[in-house]
Amino acid sequence: MPELYELTGREVSEKIRSRELTVKEYISSILERIRKVEEKVHAFVTVLEEDALKRAEEIDRKADCGHGLGRLCGVAVAVKDNICTKGVRTTCSSRMLKDFVPPYNATVIERLLREDAVIIGKTNMDEFAMGSTTETSYFGATRNPWNPTLVPGGSSGGSAAAVAAGEATLALGSDTGGSIRCPASYCNVVGLKPTYGLVSRYGLIAYANSLEQIGPITIDTYDCALLLSVIAGHDPKDSTSVKTPRRDYVDFLEGGVEGFKIGVPSEFFGEGVDARVKECVWRAIHTLESLGATYEEVSLPSLEYALPAYYIIAMSEASSNLARYDGLRYGYRVEEDSWDWPTVYSKSRRVGFGAEVRRRIILGTYALSAGYYDQYYLKALKIRTLIRRDFEKAFEKFNLLAGPTMPVPPFRIGEKIQNPLELYMCDILTVPANLTGGPAVTVPCGFVDGLPVGLQLMGRPFREDLLLRAAKAYGDRAGFEGLRPKL
Amino acid sequence: MKKPRISRREVEHIAWLAHIELTEEEKTLFTEQLNEILEYFRKIDSADTEGVSPTYHVLDLVNVYREDEVQESLTREEALSNAPKKERGFLKAPRIV
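Protein chains in written order, with the numbering used here: chain A, 1 to 487; chain B, 488 to 584.
One or more hints might be untrue.
Claimed, not checked - Label-pair ranges, simulated between beta-carbon atoms: (1) A:L53 x B:Y527: 44 to 54 angstroms; (2) B:L516 x A:E6: 44 to 54 angstroms; (3) A:E6 x B:V557: 46 to 56 angstroms; (4) B:N522 x A:P245: 41 to 51 angstroms; (5) B:V551 x A:K86: 23 to 33 angstroms; (6) A:A370 x B:Y527: 21 to 31 angstroms; (7) A:A275 x B:D532: 27 to 37 angstroms; (8) B:T510 x A:G414: 19 to 29 angstroms; (9) A:R114 x B:L546: 23 to 33 angstroms; (10) A:R114 x B:K530: 38 to 48 angstroms; (11) B:S568 x A:A355: 24 to 34 angstroms.
Stated by the list, open to error - Just a few of them, taken from the derived set where beta-carbon distance is under 10 angstroms, the chain B residues facing chain A: (12) V498; (13) I507; (14) L521; (15) S533; (16) R553; (17) T562; (18) A570; (19) P581.
To be verified - Where chain B lies over chain A, by a calculated footprint (3+ residues, C-beta under 8 angstroms): (20) 93-106; (21) 235-245; (22) 303-317; (23) 349-360; (24) 377-391.
For the record, the hints were derived by calculation from the structure and aren't laboratory data. The C-beta atom is built at its ideal place from N, Cα and C for all residues, glycine as well.
Build out the structure end to end from the sequences listed, making use of the hints.
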């Protein structure tokens, strides 16, 4: 028998619905687990013990009264700390927002609550989601539950680590250049970046708004489809959210990959990708083949420019988005009476932001400044067009594209943090989906020296159904989904 | 040695534009790191983008309109609840002149 904290979201909601399990018993088991392993993992910025227990009792009462229960009834969800939660501090893991208590909920939070989910805590992240290791958090690094000396990936490292460690059953992350997929891959869980516009960004604290989406991080593909079904859908409060018909992605999971045509971009197996990772991912592609899919290698030449184009666009948007932190309406402020406003502004931002955030704001300001705009920002946007075209062309022929999620297995905490450029290189295989806006999922596909490797599947915009169907077929056959670290 | 992409003076200027104070040590470190990063970014120079239009946004949305109706909003107290300094129901700004 698995422990209660090891159940999947589907199992928890079914057991609670049938009253085989009370929400209180299950939430208590999760909280006990957090008490036991959180010191080793450090997945959370804030654990909502009291709130969660109170809410558990409420949902239990609702169930006892025979009221209808929501789809996520009782399920403990960990939420990345850049998603606004009313009355609960939302820090972006930054000193700038360490005391920020939003007076409203993000739309995704309203949707979770409507389905009777329990928010168990706010998870640690790279400061303002700028990083791939969760080391730049003002509150200290999160550790990989598979080996606490290693990074969990980032920037949604706390969310992925919490799910892997059994400190939460489901989690929300955000993905600007791989921030859901990277940590999901490094922690052996499933992570999906939805199509741009599928999930409302209302209440998501902006980093690079033309690239980012909120998405699920879960122990298996079923839970991923379940959580996506809850959070997806048009929101009048986000003008970039798209009016698509509401879908239940769980309905599309079965059906297999018979007849699927999979493209394997040679650029995803290039120089810089660890040979053992390549081997793992090729095995996964052959598994998909044995399930009835066919594959063919394809070249997407513009991918060569994806990483620099991504960083130029992301940093430019960041420099504009983060200009709002002026220490006036909210956020950190240092002040002496004799200081004028530019001094207060620039000193508050110096102390309030960590080094990586300042580096990106400065680079973004540079890329947008007179004399450099055409050379950097505009050129990067044109490359974005080329990459979109390459993907559109590939999707005329293929249902999916497949490759590794991360070029290398998880590395040691501290190993790369001193060299920003080396860290940026880790995102080389995840940024294309953010530039094109299409959906991408990572699923566990094996281990290298005991460390998790992820298979990345990318699809046409709004075809999350196909991605999840392929992920489910693969996951069922391969058997790496659901494997948890010993802690 | 190749000409640096960005000089220490430029870093100081850009940081000033971005309203971010840097320490002397940071100016040195950032100049070095920014040069390395910008050198890598220049990889995009070799992409042929002749006649290609930029993608600012992946969606084809233009303007999204709604009726201009009064809806519930935050109270003054709620709106000011996160302000580091306030006075008599207003945000308190630093000295301007």
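Fill in: 8 angstroms C-beta criterion, at least three residues: is the segment 349-360 of chain A covered by chain B
Since three or more residues must qualify, the claim that chain B covers the segment 349-360 of chain A holds, with 6 doing so at under 8 angstroms.
Worksheet item: Would the stated hint for B:L521 survive a check requiring a Cβ distance to chain A of less than 10 angstroms?
Response: Holds - the Cβ of B:L521 comes within 10 angstroms of chain A, reaching about 6 angstroms at its closest.
Worksheet item: Within the segment 235-245 of chain A, is the number of residues with a Cβ closer than 8 angstroms to a Cβ of chain B three or more?
Response: holds (count 4)
Worksheet entry | Residue hint B:R553, partner chain A, criterion CB-CB below 10 angstroms | 6 angstroms, holds
Worksheet item: Holds or violated: 44 to 54 angstroms for the Cβ distance of A:L53 and B:Y527?
Response: With a Cβ separation near 50 angstroms, A:L53 and B:Y527 satisfy 44 to 54 angstroms, so the hint holds.
Fill in: Coverage of the segment 93-106 of chain A by chain B (three or more Cβ within 8 angstroms)
Held - the segment 93-106 of chain A has 5 residues with a Cβ nearer than 8 angstroms to chain B, which meets the minimum of three.
Item to complete: Could you say whether the range 21 to 31 angstroms given as a hint is met by the Cβ separation of A:A370 and B:Y527?
Response: 23 angstroms, holds
Discussion item. If I claimed the Cβ atoms of A:A275 and B:D532 lie 27 to 37 angstroms apart, would that claim hold in this structure?
Written reply: 31 angstroms, holds
Worksheet item: According to a criterion of three or more residues whose C-beta lies within less than 8 angstroms of a C-beta of chain B, is the segment 303-317 of chain A covered?
Response: It holds, with 6 qualifying residues against the three required.
Discussion item. Can you tell me if the segment 377-391 of chain A counts as covered by chain B, using C-beta to C-beta distances under 8 angstroms and a minimum of three residues?
Written reply: holds (count 10)
Discussion item. Does the beta carbon distance between A:E6 and B:V557 stay inside 46 to 56 angstroms, or does it fall outside?
Written reply: Between A:E6 and B:V557, where Cβ atoms are some 49 angstroms apart, the hint holds.
Worksheet item: Does the hinted range 41 to 51 angstroms hold for B:N522 and A:P245 at CB?
Response: Since B:N522 and A:P245 have Cβ atoms about 50 angstroms apart, the given range 41 to 51 angstroms holds.
Checked against the numbered hints above, the structure violates none of them.
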